[in-house]
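Peer 1: So the chains spell out like this:
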Amino acid sequence: MTTAAIHAVPAEQLATVTFDATMEERIGELLTHYPTKRAALLPVLWLCQQRYGWIAPGVIEAVAARLGESPAFVQGVVTFYTMFYTSPPARYVLQVCETLSCAVCGGRELVEHLKAKLGIGFGEKTPDGTFQLVGVQCLGACGSAPVVQINDDYYEHLTIEKLDAVLDELAKGKEG
Amino acid sequence: MEPILLRARGVPNSRSLETYLSAGGYEGLKKALSMDPDAVTKEVLDSELRGRGGAGFPTGRKWTFVPRDHPGPKYLICNADESEPGTFKDREIIEYDPHLVLEGIAIASYAIRANTAYIYIRGEFVRWAGILEQAIAEARAHGILGRQVMGSDYHLDVWVHRGAGAYICGEETSLIESLEGKRGFPRLKPPFPAVVGVFGKPTVVNNVETLACVPSILTRGAGWFASIGRPRNTGPKLYCVSGHVRRPGVYELPMGVTFREIIEEHCGGIRDGHRLKAFFPGGSSAPVMTPDQLDVKADFDACAEAGSMLGSGGVIVLDDTVDMVEAAANLAHFYAHESCGQCTPCREGSDWAKDILDRILAGHGSPEDPQTLLRICTYASQGMTICPLGDAFALPISSIVKKFPGEFERHIAAATPRPPKKLPVLPWAGPRPGFDGQ
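Chains as they are written, first to last, in our numbering: chain A, 1 to 176; chain B, 1001 to 1438.
Isolated chain A, as found in the complex (with noise of 0.2 Å):
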């Protein structure tokens, strides 16, 4: 498994967004989906995550005025769940479940473990911009524990030395 790596479009070049054809062509898909344009926010503020990395003030400008909601309330959807990026993330996100059965199985000494090796602590990106380490809550594969979410993907059954070697393997490559 190779994890695609973020590519996180810079806060200047996202001051004002405007959907390029592609864009316009995949929104209007996700509209037909739903009887009302609203219904469309989560798959549309997906689909900008995708595209830009993150979503920037300027997205949700743009997202608001495509489906005819407020930027108010766009923000507030998108600050309520945990996973849209309000500032742009690093190439690779580690996700690490700090929840019950990933705690006691190995979780805890895996956080300790990649605080000290890559020296950030949690929500802080290491200065290459190449990681950065997330606390999240149950990711729901708690029969393998521990796991860590590496930006789309899941890791499983993880040990100090397999989660090392996956590190490595992400650094070394520029492109993942």
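Read the hints as simulated data drawn from the structure, not as lab findings.
When the alpha-carbon atoms are kept at most 20 Å apart in a straight line, the in silico EDC-like pairs for lysine to aspartate or glutamate are as follows:
no.: 1; chain 1: B; residue 1: LYS1297; chain 2: B; residue 2: GLU1261
no.: 2; chain 1: B; residue 1: LYS1182; chain 2: A; residue 2: GLU69
no.: 3; chain 1: B; residue 1: LYS1182; chain 2: A; residue 2: GLU61
no.: 4; chain 1: A; residue 1: LYS115; chain 2: A; residue 2: ASP128
no.: 5; chain 1: A; residue 1: LYS37; chain 2: B; residue 2: GLU1180
no.: 6; chain 1: A; residue 1: LYS37; chain 2: B; residue 2: ASP1157
no.: 7; chain 1: A; residue 1: LYS37; chain 2: A; residue 2: GLU25
Given chain A, put chain B in place with the hints provided.
Peer 2: Chain B only, in chain A's frame:
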């Protein structure tokens, strides 16, 4: 027991439509389409199938609540938000047998006369959302879903809708709000979703495992399904076992096996050199159980009689290395993080419980702390909140306080007074762990 829900696990290429059809797939849907929708509901009602998401409500009865002659659209939602700690069964079904889920969705939609179904899947499950989308595309291409379902005049569209990270969206009214494009704030009931659901229309929300039971009820009959387990607790059940057992994983067993059989026989017992200390029978929101309760049957009624609940069937096993105060603190962090913030008893209560437990662990507990925790739990449960998240945090924490008083006493006896707190000038302005404020 012959596997029903996990029969595709280990079968090569099990996800493809071809494999599914060759194993008798979509026969249940074909049979349902030849029947009156109410007769389909009757069959599910007779099977005594109860919802596998946690509440254990009879599925057929839920379907009958949909007003039959309601003008305009009705909806079916498949709840694949699977986020109860200790639960990982729906992912297993989707991984190996996505068409089983789609067939269940199609039969349920037909029974309630819905022409649109949504699968609400948790945001982290990117891979499994993809598997479902691929299965839907395949089924559409073969005329199993879409304009004329299997050549009938019944029309059904199924869409996958990804959440974005919120435990609360597993609760059905919160899920509905989220599907409508809003924050996942639970709604007051009544009106129940069966009458006023998504987009204001009659809606049935069923769990993945529940829907996966439906095709075989149609092909093999309600009597066959009801013969598995015992009355009112029928059918196969997926038990997810995690924690300190030798072989954690998802086990399909007849409803009503004992926890002893699950933990000792199927999971190979507790890891070497250790003893069982406690287990959560049905996800972390169920009151904790102790080794003397191992012979309780793992079904809805027996767990309720034993003062706990079967919930989602997520069995979390803890051995003698676990400090139960730490376990309580871990769960308190979970619920404090996941409380949506609408109701004060839950929002503030879960946070207070977390702070008190953290303080005890930091060596600054005081003798009245256990009582304070129990009081907070009382205020957050028993109908004081819009949705069951209040109970979900109160039940496990209060049960740990009541069943393991010695562990609290040990921490508190060794405690030192808390050093005076330095109040920050702007307590709300600091960075918060997570994605924001960095």
